[in-house]
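Taken in order, these protein sequences are the chains called A and B. Note that the numbering used here has the first sequence beginning at 4, numbered continuously upward. Note that the numbering used here has the second sequence beginning at 3, numbered continuously upward.
Think of the hints as simulated: they come from the structure by calculation, not from any bench. Please note that a few of the clues may not be correct.
Straight-line C-alpha distance at most 25 Å; calculated SDA-like pairs for lysine to any residue [claimed, not checked]:
no., chain 1, residue 1, chain 2, residue 2
1, B, K90, A, G156
2, B, K90, A, R108
3, B, K90, A, K193
4, B, K90, A, L110
Each chain, written out:
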Amino acid sequence: MAIDSPPQSSESRAEIVRLAALATGDEKHEASSYSTLDALTVLYERVLRVRPAEPGWPGRDRFILSKGHGPAAYYAVLAWRGFFPEQWLPTFMHSGTRLGGHPDRLLVPGVEASTGSLGHGLAMGAGVALTLRARGSDSRTVVMTGDAELNEGSNWEAILLAPVLRLANLTLVVIDNHTSSVPLVPLDGKLAAFGWAAETVDGRDHPALERALRRRTDDRPIAVVADVEAQ
Amino acid sequence: MTATMRSQSAVTVVELMDADPRVSVVLAEISVERFEDALRRHPDRAVNVGIMEQTMIGVAAGMALEGQLPVAHSIAPFLVERSLEQIKLDLGNQELGAILIGTGGSYDYSTEGTTHHSPGDVQVLLSVPGIAVHVPGHPAEVDVLLRDAHRTGGLTYLRTSAAENAGPRPIDPGKLLRVRTGRRGTVVAVGPMLDRTLQAVQGIDVTVLYVTTVAPLDAAGLAAAAADAAEVITVEPFHEGTLAGSLAAALADRPRRFLHIGAPRRVLRNYGSVDDLDRAAGLDADSIRSRISEFLRR
């Protein structure tokens, strides 16, 4: 889909919000769920190459929700794309559900990696990207973290490593809802200093998100800081 | 040059890599010199991530998500204890296969102090459901067990050490091996503890079983081999009692007395040769003999 294609996201977003509201539970992580909603919508509507009927299709792009927290929006987007029926959503976090408080790849179609403990996704994403490159695949790997998640030092290991490995097929999306107790400003500057092609965009602006998330370089990983309102 | 368990592990892994494009290697600086050729020939399957043990395991898990069988290797405390959550979550909970090769045994870095000791590696790894743990006692056994880990494709920890037995035994991966038959109890010797155990029990009428796979333990083999033993003694190269639960479960059919000899559960602040530390830990043949004799007299 071309960048200048007709905007669809407002309708899609409304539908995804409806689906996310179907998900209920004792601990919904609502703030973190909804902070990711626009970036997830744009990724799954306009950026990622996926086949919901064939979740393991080798040619797909890989998406890892590193933070794992607040998966209601993630589940809603996956249901919206048809990875599983929306009837699953009201079972969120209930006994017998496949949709837990943090996503499990062995339970949820479309989930590439099980996450929830912060700071695991980016290193896994680097391993995925490295292997895809070794196979000559043009699939990309997108890893989403939160800003506070970047307090975990393991992220910074992977942030240091990915540019050294020239993982141009790896994209880091940081949902910056300003929850980090440790100041990260300027986050895009920090990432750029580590060698990433980094920029900050309005995390609610779908065209801006789409442009940033579609960006590729020849030899550097991409970092998109999606700035959203403080929680 | 005579192979060590550590050097043999690198040789076997590179051979597996050359033969099978599914095999990848992730290093965290340690042993890079042993994999130089592989790093050059397979740059996207062999990677040195630098001194980043957590990332080493995370990258390996990412490779495994794509169907590779990654091998990760470092000195045991940094491979196992520093990155334990990555091993638990990225590999174990995701049910991904990988081969983790630890070097350094419990006290091989005998002059380096406690930061480089790892007598607790196997105990903590036993908390990861489904992991296989191999403790070879000779370089030739390293080769056998690594090829078996490659064949099975599951999550495996292989523990190498400087201490080794004089010769290899005809091991069958996963199975224990009866080395000696006696009537006064059964001694289970793990990996590099075998030779010193045999030395320690000279003149004592005990059965000696050799174990190189401690998880899953060969419970049926143990139950059969130790069926009549009222006394069961383990000689472990890691924290003593690491295998206590597995042994008790395998031998629950009747009351027995157990003695677990292994690395003591205290910080060993000694420096010196590996032999010096073994003596300090009570893992030399004389100390083992003394404890077994005393136990059997009671």
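Any hints from earlier that this structure breaks? Give me their numbers in increasing order, please.
-> Failing hint: just 3.
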